[in-house]
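Here's the letter readout for the chains.
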Amino acid sequence: MARRLAGFLVLLLVVSICEAAFLFQPISDSHRSAALELFTPDHGSFKSLEETYEALRTFQILGIEKKPDLTATACRSISETVGSSSSTAKDLFYALKANSIAECKIDKKASKGIISRLNASVSGASSLLDFYYSVGGLVLIKDQSSEADVHLADAEGVFRSVKAFSQSDGRWRYSSNNPESSAFAAGIALETLAGIVSLASSEIDQSLISTLKNDIIKLFDSIEKYDDGALYFDDKLVDGHEYQGPLSTTSSVLRGLTAFAAVTAENLNLPGDKMLGLAKFFLGICVPGDAKDFFNQIDSLACLESNRVSIPLILSFPSTVLSLTRKDSLKVGVSTVLGSEVPSLTVKLVGAFSSGSKDASLVESQELNFDKASGLYILNGLPKSIDVGSYTFVFEVVLHEPEHEEVYFMGSQTKVPISVTGLIKVENSEIAVLDSDLGSIESQKKLDLAGKNAISLSANHLQKLRLSFQLTTPHGRSFKPHQAFLKLRHESKVEHIFVVGNSGKQFEIVLNFLGLVEKFFYLSGKYDMELTIGDAAMENSLLVAIGHIELDLPEAPEKAPRPPPQPVDPYSRYGPKAEITHIFRAPEKRPPQELSLAFLGLTILPLLGFLIGLLRLGVNLKNFPTKPVPATFAVLFHVGIGAVLLLYVFFWVKLDLFQTLKLLGFLGVFLVFVGHRILSHLAAASAKLKSA
Amino acid sequence: MGRTLSTKEDAGALFHSLRSAYAATPVNLKIIDLYVGFAIFTALIQVVYMAMVGSFPFNSFLSGVLSCVGTAVLAVCLRIQVNKENKEFKDLPPERAFADFVLCNLVLHLVIMNFLG
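Here the protein sequences line up with chains A and B, keeping their order.
Position 491, counted from 1, in the first sequence is what the numbering used here calls 491; the numbers after and before it change by one each time, with no gaps.
Position 29, counted from 1, in the second sequence is what the numbering used here calls 29; the numbers after and before it change by one each time, with no gaps.
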């Protein structure tokens, strides 16, 4: 876990270093440590022989020591695959590939078996991949076993059958059924054809090889380009399964190309800048994060390192930022893509141009000195014409031996952006308050912009403020920095920023307060002054507080714009807000309790009056039925009415309407029944009385 | 007759005749009249109270007053129906009118109680 983290940090560091476009670093130790991180086997062995081969090959190219336990497990799986009769051509192919690095012994019987199986596979092959694995396997076993007699019976026939998959645009199909073609398949086909040529017992017809050369040229017509000069191959994304991605495709084509170039004596007529472009593509990836991508990159760079077409050479720069103060010298390294040595050559600085200007070169063409100790070419001392700023340096590499020009390719001219930094002298800085009309100086103070300042000035709106200073480069030229600002900040945190203009070396700004009154929002008071001078090429950029000025501005008229609200402390935005007190409606004034009780008593009075009146009228209960049945009904009738009234009282006090209605339903039915009985009885009684 | 009666004497005479006529009404009608008087009186007291303290729980005031007024109205209806001299309701037995009176009163008071709040 800690190792993984360390490896990840290494990758991160390398990726951050590798961001410079136009600058390609050859393979270095960062790659080696990344390789060790990426190619870690699970429990000692990799998932497949293909991965084992990729790991072994990467370690071999990078010069990492072979781990004995890794080799042992590799050998075990190789012998297992080789001995098993159910291994396919693909398994045998990768087993033999891994074995070419692991160098385990395969016994004679096993190798004989392999050869016969692969031969059968070749004759029975129908798709490009079948041919690839079987022919590739045969090539490998030829090198590894003691059997001298490994060759293809009908090499030309096999050649033609593989060639049949080719297309007119230089791409190859995978099989006769599948119409889709790709550059990746082209690379595989070229490797296979190279293998066929090397295994052929007799010479293959030269016309076939010439047509193949034309196919390669056509394939290179479809090469794609990045802005920094990198060249690569990419297939159209048709089917997700088959799509390999530019890295895999380009490395497959490169492998095929270099394999084919190795077996033919003919010149492929491929311009060297194509190989340089491919080298830029692979180096531009820096350190890939995936094991397969890493293998593709390293394997392709190994192909570029030693191939028969042309070997690209790279210029590398330990640092592209030079400091005049430290008296840095420009150092250049020349190497192959894997960082190996190159034959003797000269590196010339052909020109230096200021960025963004098309003027003539600032330096003359000169050679760099070779330093044996570091292996770098050094330009001792930058010429006086190179001052602080950013430039484009143009280099040219010339090989000493003319025959090396056939083998190596350097590119015509390499343009590199170089930054030169230095200390800028800030001199003659002073600040003054001037009277507007006459231009006479009211107060003037000298500033020390390198140190502390606590100038205190005062001015009113009729005066002007003038700040001036001089900037000079180390070589005495005028310098215009990216940033030259004067900031005035009011006590209420309202800020105003002004750009300091220049003419040559002299920088000056004049603030005429009469015209600035409205811009300052009519705010009088103390303004802090701050000066900023900054540039990427300036080693002593400064942000210095000059002091403060008391400004007396007139009163703001009514329609004057208010100053914008200043940003509040960001944390207060998330702090607690002001508490909201909900204002409830004031409760109604209630009458005093005694008054209410008095009137309650008064309301009872009429009832009493009613009862007394009833008594005075001589009310009696003579008509109350005496017989028991009617009497019960009469009683129940009155009880029922009383019950309903009691229910109403409960309704007011406690119950809700639904409960009341429910109970009322029961009581009502009862009351109606009882009432009907008694009243009909009474009616019958009075009718009898009337008739009687 | 040359004797001119003054207004005051007229009013007094009118009042006396009304009183004697009223004395002739049956007792049950007098009970009903007393009941109506009681209901109206209660309503008046409630209005006076409202006039004094303001109508804040207006629904309560309304239900109180309307209860009194409603029951008075129902009692008046009962009196009309029960009065033997009323030819219109000759065939209606008084018990039936009383049953209606009771039922209507109960419904009125249910509504009043709901509105009382």
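No wet-lab data here; the hints were simulated from the structure.
Just so we're clear, the structure is a prediction, and the values are computed from it rather than from any experiment.
A virtual CB, placed ideally from N, CA and C, is assigned to each residue, including glycine.
The reader is advised that the hints may include incorrect statements.
Stated by the list, open to error - Facing chain B, from chain A, some residues (calculated, C-beta under 10 Å):
| id | residue |
| --- | --- |
| 1 | L322 |
| 2 | L324 |
| 3 | S355 |
| 4 | G389 |
| 5 | L595 |
| 6 | P606 |
| 7 | V635 |
| 8 | L636 |
| 9 | F637 |
| 10 | L661 |
| 11 | V672 |
| 12 | H676 |
| 13 | I678 |
| 14 | A683 |
| 15 | L689 |
Said to hold, decoys possible - To be clear about the criterion: a stretch of chain A counts as covered by chain B if any three or more of its residues have a C-beta under 8 Å from a C-beta of chain B, and this derived list gives those stretches:
| id | segment |
| --- | --- |
| 16 | 200-214 |
| 17 | 420-434 |
| 18 | 598-605 |
| 19 | 651-657 |
Unchecked claim - Residues of chain B placed beyond 10 Å of chain A at every Cβ, according to the derived structure:
| id | residue |
| --- | --- |
| 20 | Q46 |
| 21 | E88 |
| 22 | E95 |
Which hint numbers doesn't this structure obey?
1, 2, 3, 4, 7, 8, 15, 16, 17, 20 and 22
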